[in-house]
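For chain F, the structure is supplied; the task is to place chain A on it using the hints.
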Amino acid sequence: MISINVNGNTHQVNSDPSVPLLYVLRDDLKLNGAKYGCGLGQCGACTVLVDNRAAFACLLPVGAVANRKVTTLEGLGTIEKPSPLQQAFIEEQAAQCGFCIPGMIMRAQALLLEKPAPNEAEIRNHMSANLCRCGTHMRILAAVRRASQQPT
Amino acid sequence: MRKALVVAIVIVIAAAAGFLAYSWHPEIPAVARTSPDQFDKALVARGAELSSLGNCQSCHTRPQGPAFAGGREFATPFGEIYSTNISPDPDTGIGNWSEDAFRRALHEGVSRSGSHLYPVFPYDHFTLVSGEDVKAIYAYLMTRAPVRAEPAQNRLRFPLGFRPLLAGWKLLNFTPGRFQPAAGASEDEQAGAYLVQGLTHCGSCHTPRNLTGGKRGRELSGGEVEHWYAPALNANASSPTPWSTEQIETYLRVGFVENHGVAAGPMRDVVENIGAVDPRHARAIAAFIGKTLVPGTSTRPDAKDLLVSATAPSFWQTSAGNQTEAKTLAANDGAMLYAGACAMCHEPTGLRFSARGIPLQLSKVVAMPDPRNIIHLIVEGIEPAPTARFARMPGFASSLDDRQIASLAAYVRSRFSRGPAWQGLESHAATIRGEYMRMHR
Numbered sequence: 004m005i006s007i008n009v010n011g012n013t014h015q016v017n018s019d020p021s022v023p024l025l026y027v028l029r030d031d032l033k034l035n036g037a038k039y040g041c042g043l044g045q046c047g048a049c050t051v052l053v054d055n056r057a058a059f060a061c062l063l064p065v066g067a068v069a070n071r072k073v074t075t076l077e078g079l080g081t082i083e084k085p086s087p088l089q090q091a092f093i094e095e096q097a098a099q100c101g102f103c104i105p106g107m108i109m110r111a112q113a114l115l116l117e118k119p120a121p122n123e124a125e126i127r128n129h130m131s132a133n134l135c136r137c138g139t140h141m142r143i144l145a146a147v148r149r150a151s152q153q154p155t
Numbered sequence: 166m167r168k169a170l171v172v173a174i175v176i177v178i179a180a181a182a183g184f185l186a187y188s189w190h191p192e193i194p195a196v197a198r199t200s201p202d203q204f205d206k207a208l209v210a211r212g213a214e215l216s217s218l219g220n221c222q223s224c225h226t227r228p229q230g231p232a233f234a235g236g237r238e239f240a241t242p243f244g245e246i247y248s249t250n251i252s253p254d255p256d257t258g259i260g261n262w263s264e265d266a267f268r269r270a271l272h273e274g275v276s277r278s279g280s281h282l283y284p285v286f287p288y289d290h291f292t293l294v295s296g297e298d299v300k301a302i303y304a305y306l307m308t309r310a311p312v313r314a315e316p317a318q319n320r321l322r323f324p325l326g327f328r329p330l331l332a333g334w335k336l337l338n339f340t341p342g343r344f345q346p347a348a349g350a351s352e353d354e355q356a357g358a359y360l361v362q363g364l365t366h367c368g369s370c371h372t373p374r375n376l377t378g379g380k381r382g383r384e385l386s387g388g389e390v391e392h393w394y395a396p397a398l399n400a401n402a403s404s405p406t407p408w409s410t411e412q413i414e415t416y417l418r419v420g421f422v423e424n425h426g427v428a429a430g431p432m433r434d435v436v437e438n439i440g441a442v443d444p445r446h447a448r449a450i451a452a453f454i455g456k457t458l459v460p461g462t463s464t465r466p467d468a469k470d471l472l473v474s475a476t477a478p479s480f481w482q483t484s485a486g487n488q489t490e491a492k493t494l495a496a497n498d499g500a501m502l503y504a505g506a507c508a509m510c511h512e513p514t515g516l517r518f519s520a521r522g523i524p525l526q527l528s529k530v531v532a533m534p535d536p537r538n539i540i541h542l543i544v545e546g547i548e549p550a551p552t553a554r555f556a557r558m559p560g561f562a563s564s565l566d567d568r569q570i571a572s573l574a575a576y577v578r579s580r581f582s583r584g585p586a587w588q589g590l591e592s593h594a595a596t597i598r599g600e601y602m603r604m605h606r
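Protein sequences, first through last, are from chains F and A.
123 is the number that our numbering gives to position 120 of the first sequence; each next residue is one higher, with no gaps.
340 is the number that our numbering gives to position 175 of the second sequence; each next residue is one higher, with no gaps.
Just chain F, same shape as in the assembly (with noise of 0.2 Å):
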């Protein structure tokens, strides 16, 4: 059994701990926010944040995570509540077929958390690691930017 935490709350998950954190949170914990993108690093659809920072969760075995706080899009807002970020994405409409949102929103988080304030060259920066398929990068950029005008 491996102890870990997910958004505030402590699970006991019976899995090899070398089985990346993805399928744990999507198979066991049916948290399926984060998505299987690529599986290799390269798409960011599954990104997470571990201790405040952005992590693909594809590449990272559970095993390594026992001791740290994990986040995921449930843990930011619920659909009745969500949170500042993920009202900036609606606002600006930011997802098209949506599959690669709640990475992007991810990755957004830990800037804002680390940099309320980001400028643009640093959003674009950091934003670089995930990538949309549909092309609504600019949207993307617009929600991050309005998110970044108030507090999250």
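Treat the hints as calculated values from the structure; they're not laboratory data.
One or more of the hints may lead you astray.
[Stated by the list, open to error] Distance windows between CB atoms, simulated:
#1 A:Met602 to F:Lys84: 31 to 39 Å
#2 A:Ala310 to F:Asn128: 20 to 28 Å
#3 A:Gly326 to F:Arg136: 55 to 63 Å
Predicted model only: the values in this text are computed from it and were never measured.
We put the beta carbon where it would ideally sit given N, CA and C, even for glycine.
Chain A only, in chain F's frame:
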């Protein structure tokens, strides 16, 4: 007694005066900058190639700064030194330097003003560069955009800020003189030797330095630069399988050879520069390095089998084996971390066909005697050069901690190399990851 003291003082003063006289060089008068259109176009074009081969711009440009305006910091054991402005600005650059003054700087390590230059500027190599090539580089630099920029002040340990002392360094570590071709070498090898030992100054990083920062002897037997290990390029080389000259040439131009690995860290700039010029230069360097490298490249008796085993599904069948302090680290978390974080791209059972992560039993960094490079790669990942066709390796600086990175390195070493276990992994991981996190706040 008093007489002896007086004699001693006189001797000391005479010696100091003699040293200062020896150390002294005249100023070369300032000249008006030659108009760029006065230089022959073909000469400037040749100078551009030579400047790339000499990596001039990489050192004389601060990160994101204007080209050739200097200001890049070099942390040396003797203090922090900032590269100079070599754009043709007359006040802060070299716009008022005559070609003679420029030649003296490269060949003797003396500035136009007559003061000695710090050997971070590799004039111990540049002294070999022919007068013709110096002329072309001068023409190229004088036709660049002048940038008015005063680099930061050097911060050297006392008393090294006193430049006449560098004459002593030169006495110990510097032999001026042009390149002398060796008898019996092919044309490519000659051209390669000229570049490697001279303009391209490979030994600046790949040759170990002594306590005075000099490097007499032990040429190309492995040095260091900016917390990276610059591997040996001679019989001490630790590559798992031999390098062919074709592979060396590809490595220099493209930065990626599937059976050896990637040019990362400070070598990435070098590859970008060499990749930008006529391929005959890379071929020449490869011909020369191939000769110095070949006797010792295959440190493993089973080098041939490696290429076969690298394609077989090995990971799920083997287990860690090896001895020492690193064993605990490796046994702790190493195998688990490898399986969950690395295997997907580096094992044939994963998605290696797509990511092109190299099999680690072939990797040059896993075979190196020094663990710093692999720690850099785990921490920072690898951004492929535009010419290299493989997937970007993600960095693990924020997903793994120092101890996990140390465990992973220990495991990879014990499983994929027969070299002795690496020492000091945790402290190297803390230094390299700490520095990376500071830079990426």
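Hints versus structure:
{"no.": "1", "hint": "A:Met602 to F:Lys84: 31 to 39 Å", "verdict": "holds (33 Å)"}
{"no.": "2", "hint": "A:Ala310 to F:Asn128: 20 to 28 Å", "verdict": "holds (26 Å)"}
{"no.": "3", "hint": "A:Gly326 to F:Arg136: 55 to 63 Å", "verdict": "holds (57 Å)"}
The earlier numbered hints are all upheld by this structure, with none contradicted.
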